[in-house]
Amino acid sequence: MRKPDTLSLLVFTRSWGIVILFAALFVAFSAWGFPIFGTFDNFSLILGGASISTIFAAAIAMGIFSGALDLSVPGIAALGGVVMAKLMLSEVNLWVAMLAAIVVGGIFGLANAICTLRGLNPLAVTIGTLSVTSGLAAVVTNGPPLFGFTGLEFLGSDLYFGLPAPVYVVAIVYIFGTIFLTQTRGGTRFLAAGGNAEALRRSGVNANLYKLLGFVLSGVLAAVGGIVTTAFTSQASSLPATGSLFTGLTAVALSGISLAGGRGSLPKVFVGSIVISEIASILAIKNIQPFWSTVITGLLLIGALAGELAIQKQVSKQVVTQGTAANAALAGKKEDK
Amino acid sequence: MAKNEELALSLKGIDLYYGYVRALSSINLDVKPGECVALLGDNGAGKSTLLKVISGAHKPTQGTIEVHGRGVEFHSPRDSAAAGIEMVYQDLALVDAQDTATNLLLGREILRKGPLGWIGFLDRKAMKEEAKREVANLGVKIDTLTRPVEMLSGGQRQGVALARSAVRVSKKAQGILLLDEPTAALGYEQKVMVEQMIKRMAASNIAVVLVTHDLPLAFSAADRIVVLNRSKKVADIETSKTNNDEVVGWITGARAAQAGLE
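From first to last, the protein sequence lines are chains A and B. If you read the first sequence in this note's numbering, its first letter stands for residue 1, the second for the next number, and so on. If you read the second sequence in this note's numbering, its first letter stands for residue 1001, the second for the next number, and so on.
These aren't lab readings, by the way, just hints derived from the structure by calculation. Keep in mind that a hint or two might mislead.
What the hints assert, rightly or not - Here are a few chain A residues that sit away from chain B, every Cβ distance over 10 angstroms (derived from the structure):
1) V11
2) N42
3) L69
4) P290
Claimed, not checked - Below, a sample of chain B positions facing chain A; criterion: calculated Cβ distance under 7 angstroms:
5) A1093
6) D1096
7) A1097
8) T1102
9) G1107
10) E1109
11) G1120
12) L1122
A virtual CB, placed ideally from N, CA and C, is assigned to each residue, including glycine.
Chain B extracted, bound-state conformation (with noise of 0.2 angstroms):
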């Protein structure tokens, strides 16, 4: 077991209940700086909850969690952002009718120098060439940076939001990634542009929770793979030492669950 102040993020027993329904039971989880965890499941079995308790949207009943060793108490979103955890959530949250570069600025739009920026004017062209830099800097494909986002194909909307998370994560010392379906509803290419994506972004020693239904970005993008099933860890598993079946037969609960997590 690795020490604590090794982890980037470290669950240790955590019950949540919705009323009388137990959506997780007693889920340990731990993950190091730039590895990418995939968290998988069938619907209902809690990964998204799971996900939720990481970035602070639900409170568990019971359990700790640590971040990079700290214990910290989440009350909401803010709190897990201030830890340095960044969630891309399935609906993007992208303001549609404007272009990337301002999407991707929101919240740290760059202003002009002299008078007119201590009143707020923008520097656009700044803001044009910054985005374009960030957005090269993580292989993100995007035809144009001046088209408003609701003129962008899925796909590189999906990265348009995931470029702000990955920025906003990486301009933190040991960031934490949380990514809920990143892939769903993407084309081939776009697919291939995320998976890229997550692994750079575990290579620039960021950890990565990725929750997902799709089992070959789980193997290709993540160093380990975290199965629930009905609000039990019944797997967790370096990716090299398991394979497509097991990991099926975990999901489905055909198989039992791996030795010590029963």
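Just chain A, same shape as in the assembly (with noise of 0.2 angstroms):
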């Protein structure tokens, strides 16, 4: 039996082939810039330099997961960062200040997801969306980006056991997410509510309802984006960040899913998105122009999507193959008889 190994060696691929791209990168790597590369300390950076851009592609793949690529993602992070920063500013207690930016987040991604569910078409709202929130953090801040405020450190710059802040929320972020999607029914159904509504309606359950969780969702990681580059920054600009957009949706691509909806893991979200640090952080050492990251970036994106179409292509075929391949078997044993 041939057939059913090549089909395991394609299903391994696309479930392990980010973690395996990791790993390889991250021997090549430290080879390439030893003695640098491979230390603690420059995988502290590693991780630092991703967080903010991992709880961005959390916000992204919680879109994609349920069937919708939000592009409203950093307007929203860019409006909250901005709200909270004005709020601090006039005094109002950090906390109340965050819980608002994370309200402001909910709020937009409601209404991504009320125009979406009334039927018009998804990117074009959340593209809406990105401008309204991008133009009303301008409004909040008149111009240059707000400074001045203290007490964000502790969500910022600070170390705890050599870590800086962000890499703790993102963890957070992943940990709870992961639980709610592996673990809970919300989970499951939030799920198949991106890969076949229709299927989940005809199960008596309210399809829509966990479509509009998406976008919420979404929303709200933006705004946390948002409150964590603010901390990270200590400032508040209202120009929002595209450059997250495509690393977070590069990291969910390269996580091995199509961004059709309906799957995803979002550890491996995570890997994706300490690859392309890795490979900032490679350039960086030896020297080379940082702008090339961005190429690459892009370059990822594209490759990821191609072989996963490459993969599920096969898969198919293979599939296919095996129930025939059964079929003519059996057809032929009724023959014999």
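Both chains are given apart, each in its own frame, so use the hints to dock them into the complex.
This is the structure:
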């Protein structure tokens, strides 16, 4: 039996490709960037450097898992950040300001969801929201970035056990997200809504509720990303960091899923995000212009999707061949009698 | 004529117009509990339309539907589901990326006992066992319940979709199961499996309406054969009292409609 082996190999590649890529790059870069790359300090830098875009990757991933590519993430993040900064500069309690940013994220997520569920194209809706939120953010700041607020270091530049604070935010987001997606009823239905909402509907479940949840989670996580960005840079800019959209999307694609929804694993998105950061790190170590990392991110995005498509096609082919072979064998058996 | 309470499903004088086109004209159809009725006809004869009327997807222009002797009016598939009617669509509606157990138990997932269950934690082990039990009861052969259904062959996918509806319909006291081309694009073994499932469902007192192009399936699984031709019912006869040639004649229109059905 050679065929099932091919199938298992393909599935294995799709499931674990990103982890293998991470490990391979790590070994290769450790050799190439010796002795700097493979150290704990550099790894801490890689994690820290990746952390903010990893939070945005989670926001984008939640949208994609539930079946919608949410392009408004950078705008909501910028608005969340400046709302928090503005409130803090107005002497509002830190936690209240943070909560306000998250609520803003949730509201715009909800707005995206309502428009999309009424039948508008999600890409158009979320681009509209991107424009609205970044415009509103500029209205709040009235131009230059806001700065001069204090008390956010614990979430920004402070180190705990040698790792910067945002890394822990990433850990919390990814651990809770993974538990939700893999262990709970809500998570199962959430993924089902992205994969085949009709199946959910026919099972008597309100599929729209879970589609809505996808947008709201995406908005809330975008706001969390905005908060951490503000804490890390000690200023709140109204300019949406669209680059984070690309790295986030690339991290999701690298996790080995098509962007069609219904599947996905946050831990793999995390590894995907680290791979992008690994590449940025080696470029810095080797003194190569950092702009190349943007080029490579784009190539990785396209490459990852192409790879996924090729594997998907092969898998379908294999499944069909197996089915036909089994049938032929059975039909033959029947005629023998 | 059987009394209405003894019928699982009774359609009377169903007319349906698509604009000026008459898709169904004065269709009467009775199905008893435990009976399998095969609905045959050429493409465009109206059999799928009739199935959609029963499942609540289409509202008839005229006519009445009774379920277990009670008049009903369906505005959506949800209404018909509430009345105990389950439909297996040709498109199956499976969540490809998830495994058999999850697909089978979608909407009725099993939660863990205790505090974790209160916040929605799944009992995966119990779900797998429940799925295994249900699948075994229905006689469906599926290699592994933990494989995503996209990795299953066409027949096994059909099996999962059928099993899902079958389980739901058998949970109700007097269920009605509607099947739209359940064996289209299936291999030999899988056809046999579907056929046996249909027989098993009927044996457990479920009323089955089977739309198909597959005459051998109709003859082996159905108790009664109903033929539609150009929106009209042209034959309604017990399977044992007819044969392949007659049925083909009715389907193609080469044979005159049965007495009383002209």
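Now the hints, each set against the structure:
no.	hint	result
1	V11	violated (7 angstroms)
2	N42	holds (36 angstroms)
3	L69	holds (17 angstroms)
4	P290	holds (36 angstroms)
5	A1093	holds (4 angstroms)
6	D1096	holds (6 angstroms)
7	A1097	holds (4 angstroms)
8	T1102	holds (6 angstroms)
9	G1107	holds (3 angstroms)
10	E1109	holds (5 angstroms)
11	G1120	holds (4 angstroms)
12	L1122	holds (6 angstroms)
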